[in-house]
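A.B. asks: Single-letter residue listing:
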Amino acid sequence: MTYETVLMERTEHIGIITLNRPEKLNTFNIPLGRDLNAALDELEGDQDIYVVVIRANGRVFSAGIDISDFPKKGILEYRPWIALMEKMTLTIAKMRKPVIAAVHGVAAANGAGLVAAADLAVATEGARFGLTAIDVGLFCMGPAVPMDRCVGKKHCLELLLTGDLIDARRAERMGLVNKVVPEDKLMEETLALAKKLAAKSPYALQMGKESYYTMADMPLEKALQYSNEMFCELCTLKDAEEGVRAFLEKRPPKWRLE
Amino acid sequence: MTYETVLMERTEHIGIITLNRPEKLNTFNIPLGRDLNAALDELEGDQDIYVVVIRANGRVFSAGIDISDFPKKGILEYRPWIALMEKMTLTIAKMRKPVIAAVHGVAAANGAGLVAAADLAVATEGARFGLTAIDVGLFCMGPAVPMDRCVGKKHCLELLLTGDLIDARRAERMGLVNKVVPEDKLMEETLALAKKLAAKSPYALQMGKESYYTMADMPLEKALQYSNEMFCELCTLKDAEEGVRAFLEKRPPKWRLE
Amino acid sequence: MTYETVLMERTEHIGIITLNRPEKLNTFNIPLGRDLNAALDELEGDQDIYVVVIRANGRVFSAGIDISDFPKKGILEYRPWIALMEKMTLTIAKMRKPVIAAVHGVAAANGAGLVAAADLAVATEGARFGLTAIDVGLFCMGPAVPMDRCVGKKHCLELLLTGDLIDARRAERMGLVNKVVPEDKLMEETLALAKKLAAKSPYALQMGKESYYTMADMPLEKALQYSNEMFCELCTLKDAEEGVRAFLEKRPPKWRLE
Numbered sequence: 607m608t609y610e611t612v613l614m615e616r617t618e619h620i621g622i623i624t625l626n627r628p629e630k631l632n633t634f635n636i637p638l639g640r641d642l643n644a645a646l647d648e649l650e651g652d653q654d655i656y657v658v659v660i661r662a663n664g665r666v667f668s669a670g671i672d673i674s675d676f677p678k679k680g681i682l683e684y685r686p687w688i689a690l691m692e693k694m695t696l697t698i699a700k701m702r703k704p705v706i707a708a709v710h711g712v713a714a715a716n717g718a719g720l721v722a723a724a725d726l727a728v729a730t731e732g733a734r735f736g737l738t739a740i741d742v743g744l745f746c747m748g749p750a751v752p753m754d755r756c757v758g759k760k761h762c763l764e765l766l767l768t769g770d771l772i773d774a775r776r777a778e779r780m781g782l783v784n785k786v787v788p789e790d791k792l793m794e795e796t797l798a799l800a801k802k803l804a805a806k807s808p809y810a811l812q813m814g815k816e817s818y819y820t821m822a823d824m825p826l827e828k829a830l831q832y833s834n835e836m837f838c839e840l841c842t843l844k845d846a847e848e849g850v851r852a853f854l855e856k857r858p859p860k861w862r863l864e
Numbered sequence: 607m608t609y610e611t612v613l614m615e616r617t618e619h620i621g622i623i624t625l626n627r628p629e630k631l632n633t634f635n636i637p638l639g640r641d642l643n644a645a646l647d648e649l650e651g652d653q654d655i656y657v658v659v660i661r662a663n664g665r666v667f668s669a670g671i672d673i674s675d676f677p678k679k680g681i682l683e684y685r686p687w688i689a690l691m692e693k694m695t696l697t698i699a700k701m702r703k704p705v706i707a708a709v710h711g712v713a714a715a716n717g718a719g720l721v722a723a724a725d726l727a728v729a730t731e732g733a734r735f736g737l738t739a740i741d742v743g744l745f746c747m748g749p750a751v752p753m754d755r756c757v758g759k760k761h762c763l764e765l766l767l768t769g770d771l772i773d774a775r776r777a778e779r780m781g782l783v784n785k786v787v788p789e790d791k792l793m794e795e796t797l798a799l800a801k802k803l804a805a806k807s808p809y810a811l812q813m814g815k816e817s818y819y820t821m822a823d824m825p826l827e828k829a830l831q832y833s834n835e836m837f838c839e840l841c842t843l844k845d846a847e848e849g850v851r852a853f854l855e856k857r858p859p860k861w862r863l864e
Numbered sequence: 607m608t609y610e611t612v613l614m615e616r617t618e619h620i621g622i623i624t625l626n627r628p629e630k631l632n633t634f635n636i637p638l639g640r641d642l643n644a645a646l647d648e649l650e651g652d653q654d655i656y657v658v659v660i661r662a663n664g665r666v667f668s669a670g671i672d673i674s675d676f677p678k679k680g681i682l683e684y685r686p687w688i689a690l691m692e693k694m695t696l697t698i699a700k701m702r703k704p705v706i707a708a709v710h711g712v713a714a715a716n717g718a719g720l721v722a723a724a725d726l727a728v729a730t731e732g733a734r735f736g737l738t739a740i741d742v743g744l745f746c747m748g749p750a751v752p753m754d755r756c757v758g759k760k761h762c763l764e765l766l767l768t769g770d771l772i773d774a775r776r777a778e779r780m781g782l783v784n785k786v787v788p789e790d791k792l793m794e795e796t797l798a799l800a801k802k803l804a805a806k807s808p809y810a811l812q813m814g815k816e817s818y819y820t821m822a823d824m825p826l827e828k829a830l831q832y833s834n835e836m837f838c839e840l841c842t843l844k845d846a847e848e849g850v851r852a853f854l855e856k857r858p859p860k861w862r863l864e
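Residue numbers (my numbering), protein chains in the order written: chain A, 607 to 864; chain B, 607 to 864; chain C, 607 to 864.
Bear in mind the hints are in silico, worked out from the structure with no lab data behind them. Computed from a predicted model, the values in this text were never measured in an experiment. Hints are all accurate, no fakes.
In silico BS3-like cross-links for lysine-lysine, where the CA-CA straight-line distance does not exceed 30 Å:
| id | chain 1 | residue 1 | chain 2 | residue 2 |
| --- | --- | --- | --- | --- |
| 1 | B | LYS856 | A | LYS630 |
| 2 | C | LYS693 | A | LYS844 |
| 3 | C | LYS802 | C | LYS785 |
| 4 | C | LYS630 | A | LYS856 |
| 5 | B | LYS693 | C | LYS828 |
| 6 | C | LYS828 | A | LYS828 |
| 7 | B | LYS802 | A | LYS630 |
| 8 | B | LYS785 | A | LYS785 |
Could you build the full structure based on these sequences and the hints that come with them?
C.D. replies: This is the structure:
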C-alpha cells in the first residue's frame, strides 16, 4: 500500500515508516493519524517484517497535533480525530513486533507521546521532547499515559505542567530514550539496533512483547503466574528448542521463518 | 484565615504556604497537620489562586512527625493524628491546582512524604531527603506511597530500610526532585516555576492534573480511554479555543479568569 | 540444614546464602531453584536472623537458567522447574526479612531476575546485567516482572528485546542497583549495609517490608488507607515505644528480640 502522509520502506525484515508532512512539522492531522495506524497494521500483518522503525522527514520528528486543522464546532467533531491518537498508543502496545522511534529535532505533544508509546527510542544529541499542549490551553492527557510508564511521577508532571522542552540527555536519564547518538548517526544507529532485534527469533520477540505489556498492568503475584504460563508456552516452540540446541552446540541458531 | 502553625501569602495568583514551627524543625503535630490540610483546602477554593507553593521557615523543611508529641496510650489515640498525614497526600493528589514543594535543609519521614506527594519539587544543593522512621522503631509506610510513584522499587526500599538521608543530586537522579538550585536561589527559582504555571490556562492545568492522577491508577487501555474522554471535554472549553486561536494568530492567549 | 547447591552462613543476625555451582556459572537447575527457595524459607523462619544476603561463588553471580539441563519433552516437563523460578521472586517479595543481592561478574536472565527481585542490590564496578534469554529463542518473561518494578518501561524492554548486558553504572542509573563498589569491597560493603539493617527493629523492618510490597500493588487512595492502618498497628508495638523513647532520651534503643 501507499499512503498520503507516511512513506514505507522494507529492508532486511525491518519496516521503516517515515512521517512525511515535513512542511507541517509532521503534526498529526486525521490523514497522518489514519496513515500511521494503517501502516503499523500493515507491517504487523506482514510475515516478512520482524521489527518496525518510525522516523520522520524534515526538521523535526513531530510537533504534535496539527492545531491549524483543529475543528472548532463541538465535541462530536473532535472525537474521531482524538480516537486516532488513542489508537496509535494502543496499536503499538498491542502489536507484537517491536517498534523503535528514531527521533531528531523536536518531539512535542502527541509526537512525544508517540516516542513514549514506542518500545525503544534512539534520539540525536540535539533532539528535544515536551508535552507542550498546556501552552495552547490544552493538556497532553493522552500522551501522558505512555509517558508515565517510561518516567516517574515528578518527571511526567513536570513535562505536563510546564510544557517545557527537555534535551535528549535529560530524556535519556529520565528513561524516555534508550540511546543518544550524534546528529548524523541517527539512522545508522537505529538500523543497527533494529537489525539486532531482527536477528532474534521472531516468535520469542513477539510472544515476549505481548507478555511484557500484559503483565505490566497486573499485580505482582498475578504477573508472575501469567508470565510463567507464557514462558511454558514459549518453551514448546521450535525456535526455543533450536535456540537452546544452537547455544549448546556453539553455533548460530537458525530460526524457523514464519 | 490565619493559622497557628503555617503562614499564608498570596502573590500573582500563587498561594504560598510556609510551615512555621521552626523551633520544632517543622515536625508534624496535630495542629500542623490540620493547618496544612486546611490551608491547602483554602487555596484550592480560592478562585484567584492558580498554583500552590509549600516552603518552610527555619533550618529545615520538615524533620517528619513530632515524636515528642507522640501519644503513647494505644491505637485509638494515634488514629486522628495519622489520618491527618494520610489526608495530606490525598489532598494534594485530589486538589486540582498544582503544588510545588520548595525544599531546603532536611525533608525527613513525613517531610519527605510531603515532597513526594507534591506535584513538583525544587531543592537547594544542600537539601537532604530520607524516610527515617525506621531509626525510631517505626516505618515510613504512609510516605512510601507517594515516594514509590516518584522513584523505582530499589530506591524506595533503600530509603525505607536504611533510614539514610540522600543528597539533593541523588534525589534528582532518582526522580524525587525536579530541579536543584543554589541555597540562595530557592524561592527565586521556585517562584519562577510557579509563575510559569500560573501563566497557563487554569482550566487546562486543573483538568490536566485531575486527569494525570486518575489515569495513573488505571491499566493502559482504560487509562487511554479515560484520558481521551477528558481531552474531548477539555477541547470544548473556551480556554482551549482561545489558546489555539492565539497560537495561530501568533499572539499571547488571554485566558478566561474563573 | 545443609544444601547441595548453596552454602549457608550466619553472622551477627545476618544469613548469607551463597550460590555454589561455580563450575556451572551458578545457573539455575532444579536443585539450585529448590535449595535457594528452601534456604530463604529457612532464614525467614529463623528468629535469630534479621537480614538475608544472597551472593555467589565463582566467576559470576548467575548466568541464568541451566539450559544444558533444559528438558525437551513437552510443556509438562518444564512446569515444575519454571515454577521454582516464579516462586523465588514471590518468596522474596512475601518474606518479611530484607534481602540484599551482592553481585559480581554477570547476572543474566534469571540471575538478573533474582537481583531485581531482591529488596536491595550492591554490585561491583565490573558487574554486568542482562535479560539474555532472547538470544536462545526464549524470553525473560518471569524476570521481567520484578525488573519492571525497578526500572521504567523503555529500560525494561531494552533489556528484554536486545539481550544486551549493561554495566553496573548504567544498572545503578536505571534503578536496578543501589550501590556500585570496587571489586574487592563487595562483601565488606554488602555486610556493612546488612549490619545497618540488622541494627534496626526487626519488627519495624518486617512489618515495613510487608507494607511496602502490599501497597505497591494498590491504587493511591487504597494504598494510603492500608499503609496508615499498618502504621497504626506498628505504633502499638513495644519497639515503637522504645524507639521513640530512646530518641527522646538521646540514647540508643534496645529492641525487643523475637
